[in-house]
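Undergrad: As a plain string of letters, each chain reads:
There are 2 protein chains.
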Amino acid sequence: MSSRQYAALPDPFAMHRGGVLRGARIAWESWGTLSPAKDNAILLFTGLSPSAHAAASAADPSPGWWDPILGPGLAIDTQRYFVIAVNSLGSCFGSTGPASTNPATGKTYRLDFPELAVEDIANGGYEVLRSLGIERAHTVIGPSLGGMVVLAFAAQHPGVARQLVSISGSIASSPFAIALRSLQREAILADPAWQAGQYAPDAPPRNGLRLARKLGTITYRSAGEWDQRFGRERIPGAPQEANSFAHEFQVESYLEAQAEKFVAAFDANCYLYLSRAMDRFELETLPTACVQRALVIGVTTDILFPIGDQRRIARALERSGAATELVEMPSIEGHDAFLVDIPRFSVAIRDFLRMSSSSP
Amino acid sequence: MSSRQYAALPDPFAMHRGGVLRGARIAWESWGTLSPAKDNAILLFTGLSPSAHAAASAADPSPGWWDPILGPGLAIDTQRYFVIAVNSLGSCFGSTGPASTNPATGKTYRLDFPELAVEDIANGGYEVLRSLGIERAHTVIGPSLGGMVVLAFAAQHPGVARQLVSISGSIASSPFAIALRSLQREAILADPAWQAGQYAPDAPPRNGLRLARKLGTITYRSAGEWDQRFGRERIPGAPQEANSFAHEFQVESYLEAQAEKFVAAFDANCYLYLSRAMDRFELETLPTACVQRALVIGVTTDILFPIGDQRRIARALERSGAATELVEMPSIEGHDAFLVDIPRFSVAIRDFLRMSSSSP
Chain A
0 MSSRQYAALP
10 DPFAMHRGGV
20 LRGARIAWES
30 WGTLSPAKDN
40 AILLFTGLSP
50 SAHAAASAAD
60 PSPGWWDPIL
70 GPGLAIDTQR
80 YFVIAVNSLG
90 SCFGSTGPAS
100 TNPATGKTYR
110 LDFPELAVED
120 IANGGYEVLR
130 SLGIERAHTV
140 IGPSLGGMVV
150 LAFAAQHPGV
160 ARQLVSISGS
170 IASSPFAIAL
180 RSLQREAILA
190 DPAWQAGQYA
200 PDAPPRNGLR
210 LARKLGTITY
220 RSAGEWDQRF
230 GRERIPGAPQ
240 EANSFAHEFQ
250 VESYLEAQAE
260 KFVAAFDANC
270 YLYLSRAMDR
280 FELETLPTAC
290 VQRALVIGVT
300 TDILFPIGDQ
310 RRIARALERS
320 GAATELVEMP
330 SIEGHDAFLV
340 DIPRFSVAIR
350 DFLRMSSSSP
Chain B
0 MSSRQYAALP
10 DPFAMHRGGV
20 LRGARIAWES
30 WGTLSPAKDN
40 AILLFTGLSP
50 SAHAAASAAD
60 PSPGWWDPIL
70 GPGLAIDTQR
80 YFVIAVNSLG
90 SCFGSTGPAS
100 TNPATGKTYR
110 LDFPELAVED
120 IANGGYEVLR
130 SLGIERAHTV
140 IGPSLGGMVV
150 LAFAAQHPGV
160 ARQLVSISGS
170 IASSPFAIAL
180 RSLQREAILA
190 DPAWQAGQYA
200 PDAPPRNGLR
210 LARKLGTITY
220 RSAGEWDQRF
230 GRERIPGAPQ
240 EANSFAHEFQ
250 VESYLEAQAE
260 KFVAAFDANC
270 YLYLSRAMDR
280 FELETLPTAC
290 VQRALVIGVT
300 TDILFPIGDQ
310 RRIARALERS
320 GAATELVEMP
330 SIEGHDAFLV
340 DIPRFSVAIR
350 DFLRMSSSSP
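Chains A and B are the protein sequences, given in the same order. In terms of numbering that gives the first Met the number 0, the first sequence opens at residue 0 and continues consecutively. In terms of numbering that gives the first Met the number 0, the second sequence opens at residue 0 and continues consecutively.
For the record, the hints were derived by calculation from the structure and aren't laboratory data. Every value quoted in this text rests on a predicted model; they were computed, and no experiment measured them. A portion of the hints provided could be inaccurate.
You can't tell identical chains apart in this list, so a pair holds if it fits in one copy or across any two.
[As the list claims (entries may be wrong)] In the SDA-like style, the derived pairs of lysine to any residue whose C-alpha atoms are separated by at most 25 Å in a straight line are:
id : residue 1 : residue 2
1  : K106      : E240
2  : K260      : P9
3  : K37       : R79
4  : K106      : N242
5  : K106      : A241
6  : K260      : P102
7  : K106      : F265
8  : K106      : F244
9  : K106      : T300
10 : K260      : P191
11 : K260      : R21
12 : K37       : L73
13 : K260      : L188
14 : K260      : A202
The following block holds chain A by itself, in its conformation from the complex (with noise of 0.2 Å):
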């Protein structure tokens, strides 16, 4: 059963770096129920991988990506709120991307896909918006890639968004998170099953998809977490041999585990095209009051975008004229502590909405 709903995008719809979408569609979900003045909604965008999937439904109770922080009583309360997560454009999992049909061949897109920016993905939430005839979204909200899409949604939609929530995002990809990035894709490319993109569904480039996920894991996790977590710990009975290299530590079967579940899900082509987009993604500067307050969220123990990039997210929207604040967490769980240290980000999250709540 899906609770997975759709929006169709305006046709056509403009592409930021160039190039044009004929019929496509966001897919999205919600929890809670609109106000008769449409003023409660919460716009969630994603992480790179997930779906619009955030948390289990009466429609849908499978678990969601973000279970303890989206429901009632919860952080993001929807006893109170409308809360509507997007599935990015460019992503598979019912939006339109690169592994969707291309209605002007018949024939599924691959590269022949536009290039996708991030501010692609704020533009496909903000149509959502549209079609249920909301004109201004309370909050958006977003972590990782997410934590790009809400600043680029202020960027584009001024005023659209009276709040916003960036969550262990960047306003431009630093070298060291753009090698990362690079070396994933690379890792696709150089697999032979990638076959320039041109990979049957039943064949895609499993090793290549593989060796990306497993790197994702490493830089979305903290070595301090791991000394707890695994330590040297061994794989019983794993082979001992000279001539072995097959894996032998708890923590690469977790790795093999976490990459499995992903390469059977997500798209190699989808992959691609979200990765480039964040190393692009470069906001140079927010317009004057694109919103009125904002929680800049960043953990010290994130490699992947460090603790200085949140720092310069809150001085872009500072700048911007927006009530800003920063709170910089010591979680030991690194760039996924969102989803991990549910403690502090339930409190941080909890306390910026309520203080709207209270003054309206």
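Got chain A; can you put chain B on it based on the hints?
TA: Relative to chain A, chain B alone:
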């Protein structure tokens, strides 16, 4: 012209974790003059990939990997010390390794090479000392993998080195470092050209090695250094098409150049053996009085051999009774700082060696 010399290992040479080598040898180079009392020898081990050519010499004026540290009047003063650098056992620059001929079969060892341990590399260096009639080394020094090797040396041959300098090493790799190395090996194993280790010398698994090296380079440096060095600078004339995933940023071009050099020089099977030896290395305790004095240098921005690893090394040395100095360097260059932050490393190493000379 080469200044490379060779020391024959005892035949058979027993490996630390089982198996023997027949007719094996260690390649080494030296600078300076051995004193009549044979008490001024410094034994230098390397990181994972360098040869024994640590510095230029009359016999081989090509650049060495530690030219600014090793030479007349430099931190490791070759007017005072007889410096011996060894190519690690298991490597491919003259010492016996998986790319050498197995005398039992007349064919290249490849995966028939017995398991390599960090202790074997230490023992290889020890045999070079023996071959020169040197009973005691003045100091053993090693960075990175070499920083592990010197600890194994002290553990295997207590009292043979008076002093020890471990630079950015570890007494047991963290799960974060294991994860990264596991991924580097997997990139090689996943390259169809690897052919289960049976690749021809002129058709090595280039893509796999390239990915492995790029990941290495990323983790050898720091995000902060790359912010300063590359920022978001583009490669002039880089393609901008929607469906091109070619390199576009200067940092990508830097990684490519580093990887190309490596792929041209290093053997994939040797890489696998050395990499796994680092993962499996684990030194619980050091024998009492294995060395008299020790210098442990770590770099605060090192993500691969983090500063916590350095403190653990220092504690282990202190517990063994060595007069131990721990230097935590604020260098911005991460793990590779010993190759780049020459002023700080010169001062620390020179001061340590000077103090030993004034109080023999």
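Undergrad: Of all the hints given earlier, name the ones this structure violates by number, lowest first.
TA: 2, 6, 9 and 11
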